[in-house]
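Go by the hints and put chains B, C, D, E and F onto chain A.
Protein chains in written order, with our numbering: chain A, 1 to 129; chain B, 1001 to 1129; chain C, 2001 to 2129; chain D, 3001 to 3129; chain E, 4001 to 4129; chain F, 5001 to 5129.
Derived from the structure by calculation, the hints contain no laboratory data.
Among these hints, one or two may not hold up.
[Said to hold, decoys possible] Result set (DSS-like, lysine-lysine): computed pairs, CA atoms no more than 30 angstroms apart in a straight line:
id, chain 1, residue 1, chain 2, residue 2
1, A, Lys89, F, Lys5089
2, E, Lys4089, D, Lys3089
3, C, Lys2089, B, Lys1089
[Claimed, not checked] Stretch by stretch, here's where chain F covers chain C in the computed footprint (C-beta under 8 angstroms, at least three residues):
id, segment
4, 2072 to 2082
5, 2111 to 2125
Even glycine gets a Cβ: it sits at the ideal position worked out from N, Cα and C.
Read off the chains here:
6 protein chains.
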Amino acid sequence: MERSARFERGAARLAEMGGDIANITGPLADVAPDLATLVGEFAFGDLYTRPGLDLPQRQLVTIAALVTLGDTERQLRFHTNAALDVGLKPSEIVETVIHLLAFAGNPRVFNAMLTVKGVFAERGLLPVE
Amino acid sequence: MERSARFERGAARLAEMGGDIANITGPLADVAPDLATLVGEFAFGDLYTRPGLDLPQRQLVTIAALVTLGDTERQLRFHTNAALDVGLKPSEIVETVIHLLAFAGNPRVFNAMLTVKGVFAERGLLPVE
Amino acid sequence: MERSARFERGAARLAEMGGDIANITGPLADVAPDLATLVGEFAFGDLYTRPGLDLPQRQLVTIAALVTLGDTERQLRFHTNAALDVGLKPSEIVETVIHLLAFAGNPRVFNAMLTVKGVFAERGLLPVE
Amino acid sequence: MERSARFERGAARLAEMGGDIANITGPLADVAPDLATLVGEFAFGDLYTRPGLDLPQRQLVTIAALVTLGDTERQLRFHTNAALDVGLKPSEIVETVIHLLAFAGNPRVFNAMLTVKGVFAERGLLPVE
Amino acid sequence: MERSARFERGAARLAEMGGDIANITGPLADVAPDLATLVGEFAFGDLYTRPGLDLPQRQLVTIAALVTLGDTERQLRFHTNAALDVGLKPSEIVETVIHLLAFAGNPRVFNAMLTVKGVFAERGLLPVE
Amino acid sequence: MERSARFERGAARLAEMGGDIANITGPLADVAPDLATLVGEFAFGDLYTRPGLDLPQRQLVTIAALVTLGDTERQLRFHTNAALDVGLKPSEIVETVIHLLAFAGNPRVFNAMLTVKGVFAERGLLPVE
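Isolated chain A, as found in the complex (with noise of 0.2 angstroms):
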């Protein structure tokens, strides 16, 4: 597959991320290769790259959006290692899934807790102060 020079600027913002663009592109191989594409070239190559917010910022953006969405473990788990990779520090982290009690309600932020807390653990990062 011939990638596009969006989808390389999509693969190296990743990259700068802690991703890797194998584990979206890998998975995907055998059902759904364009979605790879797409989702590198847009998310990742169009929208991640634009300024007007820093990484940080578009990590507190990108987990409130999760936390908030629901049935995104699978999201919120990557986004968290990328908040980090990305130098959030993990009280930030904490503090906007709490935040989200007055606008998600408790079971997304309850939730949400026990997958960042599982990402913290795999990382060394608890007891956070």
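Leaving out everything else, chains B, C, D, E and F in the frame of chain A:
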């Protein structure tokens, strides 16, 4: 339990879709047998047997709703199988899920594609051409 | 603003659907012209021009997603018009909305049907046969 | 940690519902102890102790919200147990979930019923009469 | 149109709730008369006439679902009126909405309370004691 | 009504955000004054005054949640004003909404941008640079 004509019609429709009403009545038998009756009568007996859309069209609509709703892995698994059984091609199901990038967001689409892939794998339909 | 090939392809696709890209670029011009560009390129230029589903199938999928998502009256109005313009019959649109009783619940279906009715009324398509 | 009067009132209320505040404070201790405090104080200390609805009524409302929201299996499990502990009959819980066919759609109802069934099974309450 | 026994039962139940089936059949007559039939038969004829919960309990459940779902102002207005007509006190409806702060978040609760207030105002029930 | 220290702290925080607690207490006075108290105390007094995130960060998180949740036009209008009042630039708000194309889908983003535009227009902030 006496089964109504609507229920029998629903069970027959479900069978055309590759399903088995016993997979609905069985797990609900000791907790809520009436739920199985209501779903068999209404969803499959009333709605799924209506004219106006053919079964492949209905499965496009159903899959789109399940992907958008979220937290529907069990249902998406069933209705992906049903979609194949009523004649949709794997590529049409894949394309339906990809199309929803514009309306339901990446997390819903990505999760759904992995569920769909699981069904295709069980049926030996990978790779999708 | 220089328009990309993807954007031009999207604008052309939108025109086939009875839409006008100016209705997207216009309202966004002084607040977020890039949003119009991104939507024109990605949703209409990339996704809506893909093979795998024809336009009537795509509009079934889109309408199902919009009904299920909720708070989409503006979009449902546009995509009902587009559905008619690409050849879906009013009765197929009505049937799609009714089918969603099983998946999205009565309030989503009832609200959507009144929106659809409004579009049909504007186009002189009532009563639906 | 010094516990506020609101928190103590919440912990007591939770105990009346068959719960144990330690099951909230424990898992959050090393990631977000403040979240446990806020939930104990606000949800259980402020809201759940208000007059105006009795506990069985509150559990009907809570279960309806959890089923409709989706992605709430953990919470639905807890609040089904609590509903039984405050005196709701299994048949009332089952009927609440069935009623939601009209508002939340079949997938939410079906998933919820299986969760409810799991709780009933653990408590030896099957079959439901 | 010939009306089924289920539909007649639903229409009668709706009348007990202070509603009028003509308000459902009327607006749908020229676009989707079958939708009115299906809702009358299933939601009101099958579900709302079941034993297991009384009408005040059902209205607590319904209101909780509508508030949580969102984009349901029209339905919440109807079901608030119905709740009053089947004997719930304004203070019980208010308390139900407040309780949902813990599960559905502030925006859903705030919007719902303003809708509920509108109904109370029309019926001369303000201020709520 | 006697106001708690938490409520007074919340009212003060709200004032820093350009809001006025009277706009919450006023409309709720004759229907649910306790709701105003609870929101003032908890959302603004407890959550919004926590350390860990500054107010501009909190407004990014809040806006992301409101856009994703949907049916939040009233809240988005308030919190867009608040975001400006605590120092976010119009371009940062716009960029937050655009970023959500990847997570919440086009309809949520498009509706939100028009709401945001309305606020900017009222404050003479168009065109956004």
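Against the structure, the hints come out as follows:
At roughly 24 angstroms between alpha-carbon atoms, A/Lys89 and F/Lys5089 fall within 30 angstroms of each other, so this suggested pair holds. Our distance criterion of 30 angstroms between C-alpha atoms is met by E/Lys4089 and D/Lys3089, whose separation comes to about 24 angstroms. Restraint check: the Cα-Cα separation between C/Lys2089 and B/Lys1089 comes to about 24 angstroms, which is no more than 30 angstroms; the hinted pair holds. With 3 residues having a Cβ less than 8 angstroms from any Cβ of chain F, the segment 2072 to 2082 of chain C passes the three-residue criterion, so the hint holds.
Only residues whose beta carbon comes within less than 8 angstroms of a beta carbon in chain F count, and the segment 2111 to 2125 of chain C has 0; fewer than three means the coverage is violated.
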